[in-house]
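A.B. asks: Here are the chains, one letter per residue:
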Amino acid sequence: MSIELTSVLMAVSFVGLLLIGLPLAFAAGAIGVVFGFFLYGPPGLILVVTRVFTLLGNNVLISVPLFVFMACLLERSGIAEDIFKVVSAWAGKVPGGLAVAVIITSTLMAAMVGVLGAEVVTIGIVALPAMLARGYSKQLALGCICAGGGLATLIPPSVVFIMYGLTAGVSIGQLYMAGIVPGLMLAAMYITYIIVVCKFKPELAPASATSESDLPLGDKIRLLGKLALPAFVVFMVLGSLYLGWATPTEAGGVGVAGAAIAAAIRRRLTWGAVRHAITETTKTTTMLYWLFFGSSALIGVYTLAGGTTMIQDVLTALPLGPLGVIMLMQLVWIVLGCFIDWIGILLLTAPIFVPVAVKLGFDPVWLGVLFCMNMQISYISPPFGPAAFYLKGVAPAGITLSDIFSSIWPYLGLQIVALGLLIAFPQIALWLPSTMDR
Amino acid sequence: MTAPGSAEPSRSAKSGLTALCDRIDALNEGVGWLLGPVIVFVSLSIMYEVVSRGGFNVATVWVNEGTVYASAAAYLLAGGYAALHRRHVRIDALFGYLSERAKKRLDLIALPFLIGYALTLVVIGGQMAFTSFLQGETTGTPWNPPIWPLKACIPLAGVLLLLQILANTLRDIGVVETRRAEAVAEQGAL
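As given, the protein sequences belong to chains A and B, one line each in that order. Following the numbering used here, the numbering of the first sequence begins with 59 at its first residue and continues without gaps. Following the numbering used here, the numbering of the second sequence begins with -17 at its first residue and continues without gaps.
Please keep in mind that the hints were generated in silico from the structure rather than gathered at the bench. We put the CB at the ideal spot given by N, CA and C, even for glycine. No false leads were mixed into what you were given.
Only part of the chain B face toward chain A is listed, based on derived beta-carbon distances under 7 angstroms:
{"id": "1", "residue": "G14"}
{"id": "2", "residue": "A54"}
{"id": "3", "residue": "A64"}
{"id": "4", "residue": "A92"}
A few chain B residues that don't get close to chain A, going by computed Cβ distances all over 10 angstroms:
{"id": "5", "residue": "S(-3)"}
{"id": "6", "residue": "L(-1)"}
{"id": "7", "residue": "L2"}
{"id": "8", "residue": "R5"}
{"id": "9", "residue": "V43"}
{"id": "10", "residue": "R83"}
{"id": "11", "residue": "F115"}
{"id": "12", "residue": "P124"}
{"id": "13", "residue": "L138"}
{"id": "14", "residue": "L148"}
{"id": "15", "residue": "I155"}
Bound conformation, chain A alone (with noise of 0.2 angstroms):
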C-alpha cells in the first residue's frame, strides 16, 4: 500500500476515533495498534509497546508531575491574593488600574504556575468580585482575567514548553528562557492597551472613590513585603535553572519545595490540601503520560511506514520560500487550536513541523516559543477556548458565556501582533537564552 493511501486511512480513521468519543491517548494508541498489526504483524505490536517503554525511562518526562504539583500546591496557597492587594495598591490612581493589577498578577503568577487553568480559577476568585464592585465594565474585567491567564504558557515554568521540549527534543532550559522577554513584551502590550483605553473611556474603570490607593506611602511601603513570598518561589525555580544550579527537571523539585515552604508560611499546607494536591497531580499527570504513550506509538507507527519523511519532503518542497512554509504552521496551529487542546495539537504536530523548520534553517526553540504564542491565542479563542469555560466557572451569576467571549477580542488582536513580532525579530526570544551557560 502506498504511504498516501496509508497517510489518508490513518488521518480519517484516528479523526473518526475521535468524534465517536474515544479519549485522544486511546484514539491515538487504539490507531498505533490497528496500523502497526495491519501493516507489519504482529512485530508492529511490538513496536506499539516499545515505544511507550521507552517513554518511561525519560528524565525530562519527571518535570510534568513536579510542575504540576507545584502549581496544585500554590493554587490554595493564598499567594495571588497577597500579589493582586499590594499591586492594586500601588496601581490605584492609573486608569484601569485594578484590570492592570490583574495583568501584574497573572504574570507573577505565571513565573510560579505552569498550568493553564490553576490561574484563570485563583485570579477570576480574587480579582473579579472586586472589580465589579469598583463598577469596571464587564467587558474590561473578563478579558483581562482571560488573558492574563494565558501567560502562564510563554512564561516558564510553563508545561507547555516541557511537553514541547520533550517531543521536539529541544532543551527545557532554552525554551523557559526563550520565554521570557515574549511573555514580559506580551503583558506590557495588554497593560498599555488596558491604560489607554481607560484613559480615553474613564466610563470603563471608574476610579476609586476611596480604598487601597490612599493609603499612605508608609503603608504602601510596608506591603511590599508580602512580595517577598512570591518573588523567592520565582527564585527558586528560575534562579537555580538559571545559575545552573539544577537541571530543569531538578528545578521542578526545588519549585515544589519552594512552593511548600510558602504555602506553610501562609498557614495554608494542611492535610486536606496537600491530599488534594496530591491527588490533582495524580490524575493531571496520568493523562499527560498517556498522550505520550498512545501518540507515541502512533508517532511511531507512522514514521516507519515512511509517513513523516513524507510529510516533511511534501513541506519543504512547497513554493512558499522558509517564512511561507512557517507561516503555513501558524495557520495550521491557529486553525487547529480551535478545535483541539494544546496537548493534542503539540503532539500531532511537533514530530513533522520541528524537522522541516531546523531542516529549513530555523531554530527549534524559536519554533517553540511560536507555539506557545499560538496556543495563548487557542486559550481564549471562541469556540472552544478553555479560559472562558474556566472563567465562568467562578463568576457570578449573571456573567455569560458570550459576555466572556466578547470580551476578547482586543487581546487576541494583541496576541496575533505579538506573533507577527516574534516571526519577524526571533530575536525577541532568543536573546536571553543566548546569554545563558551551557
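Use these hints to put chain B onto chain A, whose structure you have.
C.D. replies: For chain B alone, coordinates are given in the frame of chain A:
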C-alpha cells in the same frame, strides 16, 4: 447487608454486574490513592540530590534513575484511575451534542478499539516483561537495578485500564445504573 462477594441466588444478573463495576471502581480508586504519594517521594529525593550535590559536592547514584523509575511506574499504573475519573481528554466537538441513544451506540463502536489497545499492552507487554525477567536484564548504569519490574507494570497497567474501560462502558450504556454525578467528566486543571 450481605458480606461483600457472597452472591445471593435471588440477585439478578444486573445487580451482580453492578457489584462487579463497583469493585473495579474501588480497585482503581485504591490504586490511585496508593500511588499518589509517589510525587512526594520524588520531590524530596530531588531536593536531597540538589542539596547534597550543591552543598556537599556529593552526587547520588540512585536519585535520577530512582525518581524516573518510580514516577514512570506510578503514572503508568494510574491509567485506570484517570479513566475512572474521566480525566483522559476527549474532543467534544461532535460527541458532546449527540442524543443519549446515539452516544450509547458510539460507546459500543469505540469499545473494541479501547480493548485492542489495552490488550496489546497486556499481552505484548507481558511477553516483554517475562523475557526481561528470564534474562535478568538490568539497566546497565552505576546503580543497575533490574528492569523487569518496570516492564511488568505495562501489562499490569493494561489490566487495570481494561477493567475500568469495561466498567465505564457498562455504566455509560446503561446496563449498570450510574450511581453518581461523577460520571460527568471532571474539569481538569489543564
